[in-house]
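On the provided structure of chain A, position chain B as indicated by the hints.
2 protein chains.
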Amino acid sequence: MSLDAVLAEIDNSLDDAMERLKGLLRIQSISTDPAFKADCDKAADWLVDDLKSIGFDAEKRVTTGHPMVVAHDPNAPEGTPHVLFYGHYDVQPVDPLDLWDVPPFEPTIESRPEGDVIRARGSSDDKGQLMTFIEACRAFKKIHGHMPVKITFFMEGEEESGSPSLVPFMEANKDELTCDIALICDTGMVSPGVPSIASQLRGMLKDEFTLTGPALDLHSGHYGGPALNPLREISKLIATFHDDTGRVAVEGFYDGVEDVPSQQLAAWKNCGFDEKEYLEFAGMSKAHGEEGYSALEQQWARPTLEINGLWGGYNGAGTKTVIPADAHCKITCRLVGDMDPDKLRAALRKHVEDRLPQDAMITWNQDLEGSKASVMNIDRPEFVAAKSALSDEWEREAVFVGMGGSIPIAGFFKSIWGMESLLMGFANDDDRIHSPNEKYNVQSFHKGIRSWARMLDKLAQN
Amino acid sequence: MSLDAVLAEIDNSLDDAMERLKGLLRIQSISTDPAFKADCDKAADWLVDDLKSIGFDAEKRVTTGHPMVVAHDPNAPEGTPHVLFYGHYDVQPVDPLDLWDVPPFEPTIESRPEGDVIRARGSSDDKGQLMTFIEACRAFKKIHGHMPVKITFFMEGEEESGSPSLVPFMEANKDELTCDIALICDTGMVSPGVPSIASQLRGMLKDEFTLTGPALDLHSGHYGGPALNPLREISKLIATFHDDTGRVAVEGFYDGVEDVPSQQLAAWKNCGFDEKEYLEFAGMSKAHGEEGYSALEQQWARPTLEINGLWGGYNGAGTKTVIPADAHCKITCRLVGDMDPDKLRAALRKHVEDRLPQDAMITWNQDLEGSKASVMNIDRPEFVAAKSALSDEWEREAVFVGMGGSIPIAGFFKSIWGMESLLMGFANDDDRIHSPNEKYNVQSFHKGIRSWARMLDKLAQN
Numbered sequence: 001m002s003l004d005a006v007l008a009e010i011d012n013s014l015d016d017a018m019e020r021l022k023g024l025l026r027i028q029s030i031s032t033d034p035a036f037k038a039d040c041d042k043a044a045d046w047l048v049d050d051l052k053s054i055g056f057d058a059e060k061r062v063t064t065g066h067p068m069v070v071a072h073d074p075n076a077p078e079g080t081p082h083v084l085f086y087g088h089y090d091v092q093p094v095d096p097l098d099l100w101d102v103p104p105f106e107p108t109i110e111s112r113p114e115g116d117v118i119r120a121r122g123s124s125d126d127k128g129q130l131m132t133f134i135e136a137c138r139a140f141k142k143i144h145g146h147m148p149v150k151i152t153f154f155m156e157g158e159e160e161s162g163s164p165s166l167v168p169f170m171e172a173n174k175d176e177l178t179c180d181i182a183l184i185c186d187t188g189m190v191s192p193g194v195p196s197i198a199s200q201l202r203g204m205l206k207d208e209f210t211l212t213g214p215a216l217d218l219h220s221g222h223y224g225g226p227a228l229n230p231l232r233e234i235s236k237l238i239a240t241f242h243d244d245t246g247r248v249a250v251e252g253f254y255d256g257v258e259d260v261p262s263q264q265l266a267a268w269k270n271c272g273f274d275e276k277e278y279l280e281f282a283g284m285s286k287a288h289g290e291e292g293y294s295a296l297e298q299q300w301a302r303p304t305l306e307i308n309g310l311w312g313g314y315n316g317a318g319t320k321t322v323i324p325a326d327a328h329c330k331i332t333c334r335l336v337g338d339m340d341p342d343k344l345r346a347a348l349r350k351h352v353e354d355r356l357p358q359d360a361m362i363t364w365n366q367d368l369e370g371s372k373a374s375v376m377n378i379d380r381p382e383f384v385a386a387k388s389a390l391s392d393e394w395e396r397e398a399v400f401v402g403m404g405g406s407i408p409i410a411g412f413f414k415s416i417w418g419m420e421s422l423l424m425g426f427a428n429d430d431d432r433i434h435s436p437n438e439k440y441n442v443q444s445f446h447k448g449i450r451s452w453a454r455m456l457d458k459l460a461q462n
Numbered sequence: 001m002s003l004d005a006v007l008a009e010i011d012n013s014l015d016d017a018m019e020r021l022k023g024l025l026r027i028q029s030i031s032t033d034p035a036f037k038a039d040c041d042k043a044a045d046w047l048v049d050d051l052k053s054i055g056f057d058a059e060k061r062v063t064t065g066h067p068m069v070v071a072h073d074p075n076a077p078e079g080t081p082h083v084l085f086y087g088h089y090d091v092q093p094v095d096p097l098d099l100w101d102v103p104p105f106e107p108t109i110e111s112r113p114e115g116d117v118i119r120a121r122g123s124s125d126d127k128g129q130l131m132t133f134i135e136a137c138r139a140f141k142k143i144h145g146h147m148p149v150k151i152t153f154f155m156e157g158e159e160e161s162g163s164p165s166l167v168p169f170m171e172a173n174k175d176e177l178t179c180d181i182a183l184i185c186d187t188g189m190v191s192p193g194v195p196s197i198a199s200q201l202r203g204m205l206k207d208e209f210t211l212t213g214p215a216l217d218l219h220s221g222h223y224g225g226p227a228l229n230p231l232r233e234i235s236k237l238i239a240t241f242h243d244d245t246g247r248v249a250v251e252g253f254y255d256g257v258e259d260v261p262s263q264q265l266a267a268w269k270n271c272g273f274d275e276k277e278y279l280e281f282a283g284m285s286k287a288h289g290e291e292g293y294s295a296l297e298q299q300w301a302r303p304t305l306e307i308n309g310l311w312g313g314y315n316g317a318g319t320k321t322v323i324p325a326d327a328h329c330k331i332t333c334r335l336v337g338d339m340d341p342d343k344l345r346a347a348l349r350k351h352v353e354d355r356l357p358q359d360a361m362i363t364w365n366q367d368l369e370g371s372k373a374s375v376m377n378i379d380r381p382e383f384v385a386a387k388s389a390l391s392d393e394w395e396r397e398a399v400f401v402g403m404g405g406s407i408p409i410a411g412f413f414k415s416i417w418g419m420e421s422l423l424m425g426f427a428n429d430d431d432r433i434h435s436p437n438e439k440y441n442v443q444s445f446h447k448g449i450r451s452w453a454r455m456l457d458k459l460a461q462n
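Those protein sequences? They're chains A and B, same order as listed. For the first sequence, the positions run 1 to 462 when UniProt numbering is used. For the second sequence, the positions run 1 to 462 when UniProt numbering is used.
What the hints contain is simulated information worked out from the structure, not anything from laboratory work. Being a predicted model, the structure only gives us computed values, none of them experimental. Wrong hints could be hidden among the right ones.
Each pair may be met inside one copy or between any two copies, as identical chains are not told apart.
Stated by the list, open to error - Result set (DSS-like, lysine-lysine): computed pairs, CA atoms no more than 30 Å apart in a straight line:
{"#": "1", "residue 1": "K236", "residue 2": "K276"}
{"#": "2", "residue 1": "K350", "residue 2": "K320"}
{"#": "3", "residue 1": "K320", "residue 2": "K236"}
{"#": "4", "residue 1": "K320", "residue 2": "K37"}
{"#": "5", "residue 1": "K320", "residue 2": "K414"}
{"#": "6", "residue 1": "K22", "residue 2": "K60"}
{"#": "7", "residue 1": "K343", "residue 2": "K236"}
{"#": "8", "residue 1": "K286", "residue 2": "K236"}
{"#": "9", "residue 1": "K320", "residue 2": "K286"}
{"#": "10", "residue 1": "K414", "residue 2": "K60"}
{"#": "11", "residue 1": "K206", "residue 2": "K236"}
{"#": "12", "residue 1": "K447", "residue 2": "K42"}
If we strip away everything but chain A, and leave its shape as in the complex, we get:
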């Protein structure tokens, strides 16, 4: 099969592809707001129609929430790898609306010195990105009449609202949808023009506790002194979570953590990550994590224990002379390597309970989950293919990057379907996803389509 003809078709039909993307972007598929339920349905229908138009057997599948879109290729070549493509058609809310320079659902092309961008809610997260894959498929179908490998589509409309229907749907449709690997296009490039493939994602442990001291809220005049103050005690507990070098002081916390191999570290050094810019954006003059590790390692390859919420007592204006009965704390840990969330939860709880003062009691939230880190096997042929395809397209060696975040879908593919994920995407740090004035670079869209075409071509050669 000729790749050149496919790439030429992509170039020649870019305007049409942009018009199709605009069509999808005009649908107000805000999944978290029930007022937009019909719009989410409409976006699913749009995808079903579009996939049908290029010869896929596409269906909208009803859930208790927003529908899934599933598509198979009736004309798939035999004896080729079978890949699943995942994306999501829902978008974040648009408020505050007055901070948008253009209406969020009227996609607009803007010319910029560094190249055109398309501005609209969902342009980068994830409609623009998922359409890079569909457009690559369209070009193959048009030029060759069929795809180079076997493809199944699986797209959801609840990614921005906690995916309540996802796990039950995955469990119910395991046999139909399990493939060799999942391709996910919902991530970005480590820096502009540097094609990036995720080699590791941090896992996550969520926990939350209430420290109760007095039997009731007390008056600080009548009881200040003799009463245990839960706000002081929770602060003392939190202060024990880290040592003076920024290392987490919970016993056993680092079980399963290994330093990044020097070869990978060397590759990261050349991945184009701008530490100074990264820190400056956050208002930091230095990296505050574990001493001895760069900001990049701290973000991608080191575990963390962060307090995400802390509260108790009186938070209004002025003063209330209260010693509150309790204090509350929300914690998330980011996990790496082989860290075990269950063991870690037990270690964290032991750490807290071992340090409880007399007359204090801890209640744990029992509803919070944990997930292991994902470490990709980058020696798999799909990763080799991806690196080669991206390097060809972007004329710059693609890099395997860590990701500080935890992408739940990759964990579910692994835990429910036993399937690895390959994440590559073309977003940029300045795309303003989840914020007003979201945009996607037209270059990301165009070269993204071409990247997927090259990738599918390489996969067929495996």
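Leaving out everything else, chain B in the frame of chain A:
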């Protein structure tokens, strides 16, 4: 002047006095709620009319808030001490209403094994208590036609809502209202049946700060590790406020603090304070303040640094993977002895700022005040008279007690009018002031009236 006849008159007219008290209690003078503005006015009118009925020149004085009640005695004896009586006619809100066993503004007498109580909002705080003084005056006027000493009344209707009109009114009426000493009836007895006079009140320093770290709320996946977490940093700061023995670790904090003289300590040991009951009520198995001091000393005679509010990040249900830009903390210190609130504020702020990590910033609330502790000169003749009067009435030696709280009016009398305060009251710990089902013991009312009659008689002998 015969005291016995006055006491007999008090005994004989107790039923009438109770009916008058019920009349005042029926007025819904909730000062904090604008819906009850007319009721507050009505309570002031009620007091003016009642004081006029016993021969005082009483007036309602308009303020920008609720009115003051001021009364002078046109028939005051010459050459006697001149005392100011202070009380407040406003009451706390009554919610939650469904927790009341009786309607809060329909005063009800309840028989109990230990004696009758009158149940209503304000029965103890402060209508029942202020009426003990007025009824004592009534009995004197009836039996002798005039009071034994010169008396001025000053009653406010904003005590339960921050007294916004108090200081301007006091400044504007200093010459008219300054007396030898203020008598305040708004406190309780250290234990049932033990008449108590305040010999010291703790002062108060209020402060509040915001610790800012990141330039904006950050994602804990993208920035967890490298970013300074304000919730962790504020916890570390708070953990430095005390040492392991419960002593405040702020340099200079104890300047001006002295141990309680052994004689006073011995007196406190016999004051009837039940440490076990006091701690058990709060759910404490021990006193958590400074090691080496009893719960009573910790409450009355030791300074404290308490966190009254602490908050930052996400406090809702579930998890938000945020590293917030800032964290907030409200602090009050209780002061004793000669501690200087201004110096202490500077010391506290230095303590915090000296410990600030790189990339963190502190903003202090500049609107919060401080007040010194009050230490009464119990050798003054009025205190000697009070002790003698109370001991006679209650047939139990009256005790000088500390008070853990800070009673602002006593501070204002001192700072604005240069006038000492004598606080004696007849409330009990189980009166449920500020809570549903507030009550006042009929014994407190009856013997309270008799106590004031004895006190006024003693003052006249000075």
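Hint-by-hint comparison with the structure:
1. K236 - K276: Cα proximity of K236 and K276: across copies only (27 Å, versus 33 Å in one copy).
2. K350 - K320: between (33 Å within a copy, 24 Å between copies)
3. K320 - K236: This pair counts as both: shortest intra-copy Cα distance 22 Å, inter-copy 23 Å.
4. K320 - K37: between (44 Å within a copy, 24 Å between copies)
5. K320 - K414: Close across copies (24 Å), not inside one copy (51 Å); limit 30 Å.
6. K22 - K60: Within one copy only: 21 Å inside a chain, 73 Å across chains, cut-off 30 Å.
7. K343 - K236: both (24 Å within a copy, 26 Å between copies)
8. K286 - K236: both (25 Å within a copy, 19 Å between copies)
9. K320 - K286: between (37 Å within a copy, 25 Å between copies)
10. K414 - K60: within (24 Å within a copy, 78 Å between copies)
11. K206 - K236: both (20 Å within a copy, 22 Å between copies)
12. K447 - K42: within (28 Å within a copy, 80 Å between copies)
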